[in-house]
Amino acid sequence: MDPIVACQNITRHYRQGIIDVPAVQGVDLNIMKGEFASLAGPSGSGKTTLLNIIGGLDRPSGGTVAIDGEEISQLGANKLADLRLRKIGFVFQAYNLIPVLSAAENVQFVLQLMGISKSERRRRAQDVLSQVGLSGLEDRRPARLSGGQQQRVAVARALASRPAIVLADEPTANLDSHAAEGLISLMKDLNRSSGITFLMATHDPRVIAHTSRHIVITDGRIASDEKRHNSPE
Amino acid sequence: MTGTIRLLLPLSWRNLWRNPRRTVITVLVVGVGLWSILIFAVLLNAWSQSSRDTTVSLMTGEAEIHAKGYLDDPTAAHRLRMPSGRLAQILGSRQTAAWSPRVRVSAIVQSEYKTLPITFVGVSPTRERMISDLPRDIVAGHYLSGPNDQGIVLGQDLVRRLKTAIGRRVVIMAQDATGQLRERAFQVIGIYRASQTAEDEFTFTGIHVAQALVRAGSDVSEIALDARTRNELPRLITALKAAAPDLDIQSWETLAPLAYAVSTFFNSFILLWLWVMFALMAIGIVNSQLMAVIERVHEFGLLQALGMQPRLILCEVAIESVLLIGVGVIVGIAAAIVSVAAFPNGIDLGFLGRGAELVGAGRILHPKLAMGDLVLYSGIVWIAGVVATLWPARRAAKVSPVEAMGRN
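Residue numbers (my numbering), protein chains in the order written: chain A, 42 to 274; chain B, 154 to 561.
Keep in mind the hints are simulated off the structure, nothing from the lab.
For every residue, glycine included, the Cβ atom is placed at its ideal position computed from N, Cα and C.
All the given hints hold, so there is nothing to weed out.
Here are the simulated distance ranges between beta carbons:
#	chain 1	residue 1	chain 2	residue 2	range
1	A	262	B	443	41 to 49 Å
2	B	447	A	226	38 to 46 Å
3	A	50	B	428	57 to 65 Å
4	A	219	B	490	55 to 63 Å
Just a few of them, taken from the derived set where beta-carbon distance is under 7 Å, the chain A residues facing chain B:
#	residue
5	99
6	119
7	131
Here are the simulated lysine to aspartate or glutamate pairs, EDC-like style, with alpha carbons at most 20 Å apart:
#	chain 1	residue 1	chain 2	residue 2
8	A	159	A	179
9	A	74	A	111
10	A	268	A	43
11	A	120	B	556
12	A	159	A	146
13	B	221	B	406
14	B	551	A	99
15	B	551	A	123
16	B	316	B	353
Could you put the whole structure together from the sequences, leaning on the hints where they help?
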């Protein structure tokens with residue numbers, strides 16, 4: 042089976058004045074379809090940089106990245122945006138919903154970018170919002186939703202386009218423990234029921250405990266890559 | 154394209170109202186700026202129109218026909234026959250609204266106190282009423298009753314300077330067609346009010362009386378005429394020139410170059426004001442849109458992360474500008490319409506006294522918002538305003554998502 046994410050010898054360097062700072066150094070990583078994986082490591086270890094490169098938000102200094110079989114390192118800004126739209130769902134630490142749109146409109150916005158018809162957009166938005174437990178809150182704008190609810194909208198938005206992979210950057214960092222537990226269960230359920238692939242950059246042990254694969258990155262290199270088959274329910 | 158607009162329009166509209174204070178200030182900048190441009194254009198157009206109308210309706214008409222050489226030497230020696238043949242046909246056609254024959258020569262008027270140079274004009278009162286406003290501006294006595302009327306009508310200021318009055322006599326001296334000096338006494342039957350220059354210059358009597366005085370027979374010095382509509386004037390003049398190639402036929406622009414220059418000058422002034430106001434508006438618009446873009450760099454990064462192409466972000470900011478400036482334009486147009494409607498009877502320049510005449514205007518300015526000006530100036534402000542915001546929009550589109558989302 043082809044991997045959803047295939048990284049080969051990824052490097053990323055930043056210039057700080059005259060100093061060249063390596064953030065990611067020679068990472069080889071494959072994520073297979075249906076995996077529920079965590080990418081952990083201390084602050085500054087390079088996990089967010091790696092996630093950004095995989096998501097096409099940042100470009101590697103060296104190496105290649107392929108998403109669902111498509112090499113993305115050399116794509117232009119517009120093609121990269123199109124790839125993100127069709128193949129990658131993002132969940133960010135700070136929710137990052139569009140403040141002037143309601144929950145349903147935030148979800149539908151991505152579908153509208155894809156050119157999906159109005160009726161189909163409505164149906165899909167209703168389905169995913171219902172999946173994340175937000176039925177009845179479709180018309181609320183982000184300012185009138187709790188942090189946990191906003192992050193659920195973000196998950197719904199990430200799922201609505203039926204992406205090849207959902208990349209989540211510290212998805213529970215801004216949530217209280219109750220909301221965090223709910224979000225972890227939700228993502229785990231979606232992974233199990235729909236086979237959606239998740240890769241989450243996190244150092245939240247509650248998230249790590251639920252993942253079936255745990256990758257640790259230290260100083261820009263993969264320090265360990267552990268597959269588990271008995272993650273907690 | 155339709156899909157893109159459908160996607161971005163509601164988003165852009167709602168984004169405008171995220172910072173209502175800034176939006177209202179920008180709308181006011183555009184609205185007040187456009188209002189000032191429109192009102193400036195309305196007032197200058199009214200002034201220009203008044204200057205033209207004053208000139209045309211005083212004596213000139215929209216065009217005049219003379220014998221060759223008359224304009225250089227306005228004496229009875231240069232005269233023309235009453236219209237006949239093709240010329241009479243055109244003057245009697247639907248193209249011509251009215252025409253009036255005149256005997257018009259330089260002369261001297263003498264009272265018992267003073268002698269002054271004037272222009273002595275013999276008119277056919279019925280026809281003259283259709284061309285000139287002077288017969289309606291009588292302030293004492295009455296106007297001429299017919300082409301054989303032997304009375305004389307003088308301007309108010311000339312009456313003052315001659316120290317004469319209604320019922321008193323003055324003597325007119327003029328050269329006849331053979332160059333002989335002729336004179337005749339006239340009883341003052343009417344006094345008119347117009348611009349001071351006109352009051353001092355023109356004196357009127359019946360056309361047959363004037364023809365007899367200067368021994369012109371049935372000939373006349375000039376024919377003043379108005380076209381049916383202003384747009385038809387050039388065509389009418391062309392037709393008249395073709396019908397009477399030996400005559401000198403000129404439009405009011407040539408006959409009254411000062412009034413025409415005032416009109417042209419005002420148009421240049423409107424253009425200058427448009428640029429000044431637009432420069433001020435552009436600074437305000439670019440500043441507010443740049444702030445709106447800088448504040449939302451993080452959000453533009455998010456939109457790109459979600460898969461929105463940079464060109465769509467440029468479109469979104471541009472649509473915001475189209476809406477923002479569009480609202481400002483509507484406010485400006487509405488304010489201009491209300492301002493003009495506040496003066497249904499025109500603006501009375503009476504408080505300027507004779508001063509208004511010095512710059513060629515009549516006493517009442519009639520402000521009118523021309524649809525052409527409305528569309529032109531609003532369109533320029535709208536389009537130029539949107540173009541001014543393309544720079545901030547381009548900045549928004551060029552930001553990289555990872556860099557943008559790193560900013561909070």
